[in-house]
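Colleague: These protein sequences, in sequence, are chains S and D. Heads up: the first sequence begins at 1 in our numbering, then just goes up one per residue. Heads up: the second sequence begins at 170 in our numbering, then just goes up one per residue.
Take the hints with a grain of salt, since some may be wrong.
If we take Cβ atoms under 7 Å as the criterion, some of the chain D residues that face chain S in the derived model are [said to hold, decoys possible]:
{"no.": "1", "residue": "Phe-233"}
{"no.": "2", "residue": "Ala-240"}
{"no.": "3", "residue": "Leu-243"}
{"no.": "4", "residue": "Asn-247"}
{"no.": "5", "residue": "Ala-267"}
Because the hints were derived from the structure by calculation, they are not lab data. A virtual CB, placed ideally from N, CA and C, is assigned to each residue, including glycine.
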Amino acid sequence: MPPPPWPTCATPSGPTRRRGGGPAVILTKLGELVGQPEDGYFATVLCGSLDVDCHLLTVASAGHFAPLVIDGGTARYVDMEVGPPIGVLPQTGPAEVTITVPPGAALVVVTDGLVERRGEHLDVGLARLAEVAADHRGSIDDLLGRLLVDLAPAGSDDDIAILGVQWQA
Amino acid sequence: MASVNDGSQSQAEIRWSETEPGHVTARISGELDIVSVERLQGPFDDLLAGGPTRIDLDLCGLAFMDSSGLALLLRVANQLGPLRVYGASVLIQRVIEATGLTGILLVQDAAP
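Looking at chain S on its own, in the form it has when it is part of the complex (with noise of 0.2 Å):
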């Protein structure tokens, strides 16, 4: 495999070098903490570390939609199991998985009210996302305006959450 095109590191922080363990040691440990509400609420969580010099990214996902990776006008979701959301037992204990994000790349996390419509498949939503995202030049503060724009339903009284994260080269 030829080096990446980037200066690398001589040592990754992969997860079991970490203190106190990676995402899915987290969400684990925060799961057992929650325990089980009666009421039934619950909450999603992706919990992700950036190892900047390296690279990369890990993460692990309780319920909640993988990232998305805007690279080079591509756009695809990390592809990774998801485990059950905070608030629901058992916690099987997410898989992480450990990505390599390329220098420019960014990453961009939504919850379900920007991308859920009545009637329409969740992938429906998720590729007009992916799509309009993979459209976009400019910077991250620009996409997450146009992301907002472009796809918050009208009328819904669903929270939106985004978060973005971009590689200054």
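Here the structure of chain S is known, so what remains is to put chain D in place on it, guided by the hints.
Modeller: Coordinates of chain D only, in the frame set by chain S:
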């Protein structure tokens, strides 16, 4: 049985019957969102007050479910353990799968 109709707002309904002692099949239809779920809390209290040992869900008439709807179903699962879910459309199945709940809301192929 309970029915919710807020005019322009979403509607949802739950009906249930005891198929054998302690074993209830609950049919939820309409749209489960933050508005309709709030109005179904009372009927769900009534359902659980009967002390069922097993509740199967029939969702064949359910057109939409958001996270509020999932919370309503999880309230039951937290009390009784994983629930068998019948008749869920591919849209509803995808919501269950995307939320990592396939081990708690057990989607069944067959009829209840």
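Colleague: Against the structure shown, which of the earlier numbered hints fail to hold, in ascending order?
Modeller: Violated hints: none at all, because every hint is consistent with the structure.
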